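Asker: With the hints as constraints, model all of the structure from the sequences given.
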Amino acid sequence: MKLSIIVPVYNAEKYISRCLESLLCQDISVDQYEIVIIDDGSTDKSCFIVKEFMGAYSNVKLYTQKNSGVGVARNKGIELALGEYIYFIDADDYLADNVLNVLLNTLTKHDLEILAFKSIATTNPHINNILDKKEGRFLECVKTGVQIIADMPYKNEVWWYFVKRSFLLATRIQFIKGRWMEDAIFTTKLFLKANRVLYFDIDAHRHMVVPNSAMTSRESVQFLRVIRDNANAAIVFKDIIDNLDKSIPFVNSCIKRLKTRQQSFVFFMMVRMLSSAITLQELKAILTKMTEVSAYPLNSFLGKEYGRKIYYILVPTFNIRHLFYISFIVGNPFLKWVTHKKIK
1 MKLSIIVPVY NAEKYISRCL ESLLCQDISV DQYEIVIIDD GSTDKSCFIV
51 KEFMGAYSNV KLYTQKNSGV GVARNKGIEL ALGEYIYFID ADDYLADNVL
101 NVLLNTLTKH DLEILAFKSI ATTNPHINNI LDKKEGRFLE CVKTGVQIIA
151 DMPYKNEVWW YFVKRSFLLA TRIQFIKGRW MEDAIFTTKL FLKANRVLYF
201 DIDAHRHMVV PNSAMTSRES VQFLRVIRDN ANAAIVFKDI IDNLDKSIPF
251 VNSCIKRLKT RQQSFVFFMM VRMLSSAITL QELKAILTKM TEVSAYPLNS
301 FLGKEYGRKI YYILVPTFNI RHLFYISFIV GNPFLKWVTH KKIK
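Residue 332 in full-length UniProt numbering is what sits at position 332 of the sequence shown, and the numbering runs on without skipping anything.
Honestly, the hints are just simulated from the structure, not real lab data.
Certain hints may be false.
[Stated by the list, open to error] Straight-line Cα separation of at most 27 Å, DSSO-like style, residue types lysine-lysine; simulated pairs: (1) 76 - 2; (2) 177 - 66; (3) 193 - 177; (4) 246 - 284; (5) 61 - 238; (6) 2 - 118; (7) 259 - 238.
Computed from a prediction, not measured in an experiment: that's the story for all the values here.
Answerer: Put into structure tokens, the structure is as follows:
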């Protein structure tokens with residue numbers, strides 16, 4: 001079997017049919033790939049919908065677990081996967097039609113451990129066709145993961161990548177349990193272990209922008225959890241940077257990019273803090289911890305990857321700690337307007 005597509009599902013009855021339809025509208029036979037659905041304790045009709053697909057397609061498989069989070073669901077999918085390659089997709093996203101053959105051929109032809117491709121963010125569930133699926137349109141040559149991080153603004157989310165299963169298992173890297181931002185940590189660790197990575201210029205994936213998703217919701221409990229998990233990601237990145245072999249090629253540029261990514265977690269965490277119900281005491285404690293792990297002040301954040309004018313306006317304010325405290329307490333109207341209207 002060539003491919004295992006792992007789909008964590010939690011209360012996705014509005015989206016799972018579209019996702020599965022796209023995964024089945026492909027140009028390889030059903031015996032070449034499996035669609036591994038991990039239901040994470042859904043209370044809606046998600047499982048019922050998946051079972052209907054199972055009745056029609058032999059490569060659709062359903063496994064259930066108690067609600068444990070997307071990281072645990074993905075880890076279970078890795079354990080169950082039989083394919084030579086693994087792909088993770090969210091239940092509310094979908095693939096372009098007839099794209100799997102060219103992706104799998106590229107993986108095999110170039111003996112890749114990771115294949116990256118393009119994604120389109122959209123609210124349209126019917127962008128079925130890719131722009132151009134000719135092989136050979138590569139953004140870069142085959143590189144190590146360290147070099148990719150050094151040279152390119154790599155993406156955090158796992159749905160940008162196909163991964164060779166034997167390579168993934170050999171690294172023993174898993175998703176962190178019970179944390180958002182688990183993609184950023186998983187992807188970075190995986191890249192740092194990879195010797196053969198290629199970026200393919202093909203828009204294979206569609207990311208559905210869903211209102212009130214876990215990462216965009218302003219509901220108090222979820223909002224605070226995203227803040228805390230951004231802080232946790234910054235802490236983990238300190239360990240990742242410290243444990244890098246400083247003698248390998250491109251490591252200095254790689255470290256620079258990793259520090260930028262680490263501080264991006266802190267910047268967007270601080271943006272959320274201004275609109276959250278976090279206590280001043282916890283806010284101060286988090287920023288103290290960020291200082292301890294060299295993620296604050298934000299001295300490595302601004303640049304080509306994060307170069308919007310609004311970032312250059314906010315960062316100097318954020319870097320003056322007592323001024324940030326005052327802004328949080330008083331609710332500076334300018335900063336409130338900026339964070340609501342200008343920051344995505």
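Asker: Now, for every hint given, state plainly whether the structure supports it.
Answerer: Here's how the hints hold up against the structure:
no.	hint	in the structure
1	76 - 2	holds (19 Å)
2	177 - 66	holds (13 Å)
3	193 - 177	holds (21 Å)
4	246 - 284	violated (33 Å)
5	61 - 238	violated (38 Å)
6	2 - 118	holds (21 Å)
7	259 - 238	holds (8 Å)
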